[in-house]
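K.L.:
Sequence:
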Amino acid sequence: MKLPCFATTINGLERFAAEECKEIIGVNAEPDVGKIIFDADIDQLIRLNLSSRMLHKIFIMLAREKVETLEDVYRAASQIDYTQFINRNQTFAVQGERHSKDKPFTSLDMAAAVGRAIIQSFREKTGTRLRVNLDEPDVQFYCLVRDSEFFLGLNTTGKSLHRRFYRVFHHRAALHPTIAIGMMKIAGWRREQFLLDPMCGGGTIPIEAALSAVNIPIGA
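Residue numbers for the sequence shown follow my numbering, so the first one is 4 and each next one is one higher.
Keep in mind the hints are simulated off the structure, nothing from the lab. A few of these clues could be false.
[Stated by the list, open to error] Here are the simulated DSSO-like cross-link-like pairs (lysine-lysine), alpha carbons at most 30 Å apart as the crow flies:
(1) Lys69 - Lys25
(2) Lys69 - Lys128
(3) Lys162 - Lys25
(4) Lys104 - Lys162
(5) Lys5 - Lys162
(6) Lys69 - Lys104
(7) Lys5 - Lys188
(8) Lys188 - Lys162
(9) Lys188 - Lys25
(10) Lys69 - Lys162
(11) Lys5 - Lys69
(12) Lys25 - Lys5
(13) Lys104 - Lys5
Turn these sequences into a full structure, and let the hints guide you.
P.N.:
Right, dumping it as structure tokens:
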């Protein structure tokens, strides 16, 4: 069964993320600001989480509505049957991002409103109050407002895919892996070609090129 989905990426690289989605799972994705929107089944989501180099987090879309106030956010989040995604013994957390200066609420306000809506909706159906765990939740939800559009998603990825397994230590000057992949796509590099990085610092570009050339999944 196909599910509405969206996935986050770096602003400006949405077209390449959509092309990658097509390459990996054969699905056409709509590029949007900082994300792509598409339909996929569970098997395709698993493959995308395993193999994507351009995406950060991949979500099952639970809601997409126009909102103006925090009450609109709460109302949109309240309409969902959360018993499909979480059971009474599991904990949850909500991450919120607001990219709209004219909205009278913050990212934290929005996340709190969605959290209240989840608790209330679940309690109405089961009589149980869900527990919140902000550090290590069993289930993670994500809400986003950009301009007046509200997205609510179920995180299928866990920690962001840009946190590569080869990065044992983090340096603040290190190149973002998604940007490194994006640079190679913009340059038109192909895996059968040589790649020279004369300004190599932490080795992000050649490492990403090598992983891509031999098709080592970064989500493995």
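K.L.:
Would you pick out the hints that fail for this structure and give their numbers low to high?
P.N.:
Number 13 - this is the single hint that the structure violates.
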